[in-house]
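J.: If you want the building blocks of each chain, they are given just below.
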Amino acid sequence: MTMRESIEPDMTPLGPLGSEGPEGPEREFTIKARTQGQMVRRRFIRHRGAAIGFTALVIVIILAYTSIGFWKIPGWWYLGYTKTNPIVNGGAPTLDVLPAFIDGDGFMIGPHPFGQDQIGRDYFALTMRGTQISLMVAFVIGILSTFIGAVAGAISGYYGGQADNVIMRFTDLLLTIPILTIAAVVGNATGNLGPFFLAVVLSLLIWTSLARLVRGEFLSLREKEYVEAARAMGASSPRIIFRHMLPNAIGTIIVSATLTIAVAILLEAALSFLGFGIRSPDTSLGLLISTYQTAFSTRPWLFWWPGLFIVIIALSVNFIGDGLRDAFDPKQNRVRA
Amino acid sequence: MGSYILRRILASLLILLAASFLMFALVTLSGDPLAEFTGSNAPDKARLIQERIETLNLDRPFLVQYFLWLGGAIGCLIPGMSCDLGVNLSNQPVTSLIVDAFPTTLQLVLAATILAIVLGISIGIISAIRQYTAFDYSITFLAFLFYSLPIFWVAVLLKEFGAIRINDWLAEPAVTLPTAIVIAGFSALFFSAVVGGSRKQRLLVGLGAAVGAVLIFVGLVASGWFSNPGMGPGVVTIGAAAAAVGATLLFTNLENRRVLFIALGTAAAGVITAYAALPLLEDPSWLTLFGLGALVTAIGVGLGWIFGDIDRPAAIRAAVLTSFGVGLLVFMDRTVSSFAAYSAEVNGRPVATIGSKTPNFNGTFWEVTLDTATHLVLPTLAIMLISFAGYSRYSRASMLEVLNADYVRTARAKGLTERTVVLRHAFRNAMIPLATLAAIDFGAVISGAIITETVFGWKGMGVLFTSAVQRDDAYQIMGVFMVTAIAVLLFNLIADISYAILDPRIRLS
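Each protein sequence line maps, in turn, to chains A and B.
Going by the working numbering, the residue at position 221 of the first sequence is 221; the numbering climbs one at a time, nothing skipped.
Take the position in the second sequence, starting the count at 1, then add 1000; the result is the number in the working numbering.
Keep in mind that the hints were calculated from the coordinates and are not lab data.
Quantities reported herein were computed from a predicted structural model and do not represent experimental measurements.
All C-beta atoms, glycine included, are put in the ideal place defined by N, C-alpha and C.
One side of the interface only, derived from the structure: several residues of chain B facing chain A at Cβ under 10 angstroms:
hint : residue
1    : Y1147
2    : S1148
3    : I1151
4    : G1443
5    : I1450
6    : T1466
7    : L1489
8    : N1492
Please construct the entire structure, taking both the sequences and the accompanying hints into account.
T.: Dropping the structure here:
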């Protein structure tokens, strides 16, 4: 809150926070009673970058999982990602988004919108398959590492003492090691066990920063009156941790989980690019770029599409994280433009 | 302070020990150094296997292997003891491999980090001062975009557009409509955003910048500047004067004629020295360059000392900064002037895509410098983009916090100029938290270097590491790992100590 706003002369003394500026719509929504969840949701939707990012991410997820299907469920796209097809149009993309009045032939998807690779595989299907795997890896890492980090941080912050010492020294250790080096060694050894296993292993490496954050949060929450009250009423430690304290640290946790997903997308892509991540016959966006990087001069689309999807996903997730941070920030009751 | 540093060093050593054990366990347990023999049908296979088992102590228990390795590795940290990091699978000593590779990576990492810090902080501060303007929003978006870019993708793109296409263009410079539009657009956006002000003012500045940039560009192309670039004495003199004015602005203000004239005098001394010593600058050594630089700096300091009077400290600072600026300018001018000769020697493909230097390249000092620069530019750009985002975001946030602090309001209320408030009161304090960021960022830069080196074929630590992981080469991985871990720990230590020095509120002990 800047100085200007708090000395506003015609400030409404009856406003619930007493510090809100007089501009019409803002006053309206601070006066109306809302639950914490409603306020967070409202701030999130009004954050333009976050709203756009969220929409883009949902579209990408739906596109990736419905188009070629997953597991045993078939999708609506007519080509599989392993089948080789006769080369159409020299393998170049048939997608044409320019309307007719610019280049004369109008919007068209064509048989191979993203083009084909050297042996005729449909690149749209391949990219979608890569997106599926990359998204799966990123979300597994996001969820699992958040879980580990939150529990470790909670235990560390709540109990203190010896447990705290051990956990914090361990995070010190993992934070010292450049993540890519250790991930490359582990990925190289376990890469042939499949994407899911890789994701699990990577989550074991990147939970530490969240554990630090949650610990910090718990150190201050531990001294709060309601925790004291819960303890006085005879609540067990696990109950206090999970029912009383964790919900109050949820903002930190969700924001960090989101940003971890963005980190994970890039980490998986980098590992796969170096050859220590996802292996053939599985595919991922990073592996696609790695496979086709030498084809840049002859078939540039093989390089463009997977990169574009990585950027869209990572950018959306980063914007969502930024929006969530603003939305959960209790000091903020103004909506950002 | 001393005991704090000592304790921190001890703690770092313990972490290093634990990290080395963890990594050693991971590396030796995950990889099989005998794997490459399984498909081999060499006649002396059994002997080769036996030899490798003996050199790598594979028949000893894991803990014994670790302590044998540790015994050699500890020597590297203690001066006077021999440093032995074991041998790799090709029987080369890891220590010498690292000694060869380290300078290459250091060059890359240092250049990228320094550029990212300077650019990121300046852009972040402008963005904070112009909060919620179009410039601020574009920088925020760009920072998010750079955060989200996979570095290897950027690196491959840079190779294509930053090297191959640029080289093609340099072979036959021509003005095309798209290049003109891009140049006009960028300069319009940049200058209008930096200048700020009312909408009309920004529009005018943008328009002027666009027209000016295109005119300069067309003029440069028409005069064949791109095939034989250089700055010439005129531009160097103007640049030196600008450096003097800038240095004066930074330390006092332009009304302070005394400091301004001292800075201008230093600039003149620098330019005169450079052109008087032109024969020396044909093919100088670093020593000559440093000598000339020191001479000009000494003249500047002398001028400040003699004529500085009441403003002596400010005058000396301005003079030193000016002489540094002039030195940089002259250095750039000389380097760029040898571009035509250099370009001819590398067959008209000046921007390199592979390696850290042209193999077997022999030229004058300036040509060698140019050779290094053209090899450095793209990988540095790739690494820089990603850390740049972090620095600009953090310096913006930190600057905004400081600008809202009470003492800045006090400074404004005293009637100080906006420049004094921003540069002397806000900027210095806003920089304190960034010391920590530089340390955290360093780990990311190393990761970035591993990937970038792979794409650009630099023979540095990154390639040493990836090739070792591919071969399950335990000792080579450990060697690279130890160097990076030590570097990260060292940077953390430096950050903590500098934090304490910069911020008097923090008491260590």
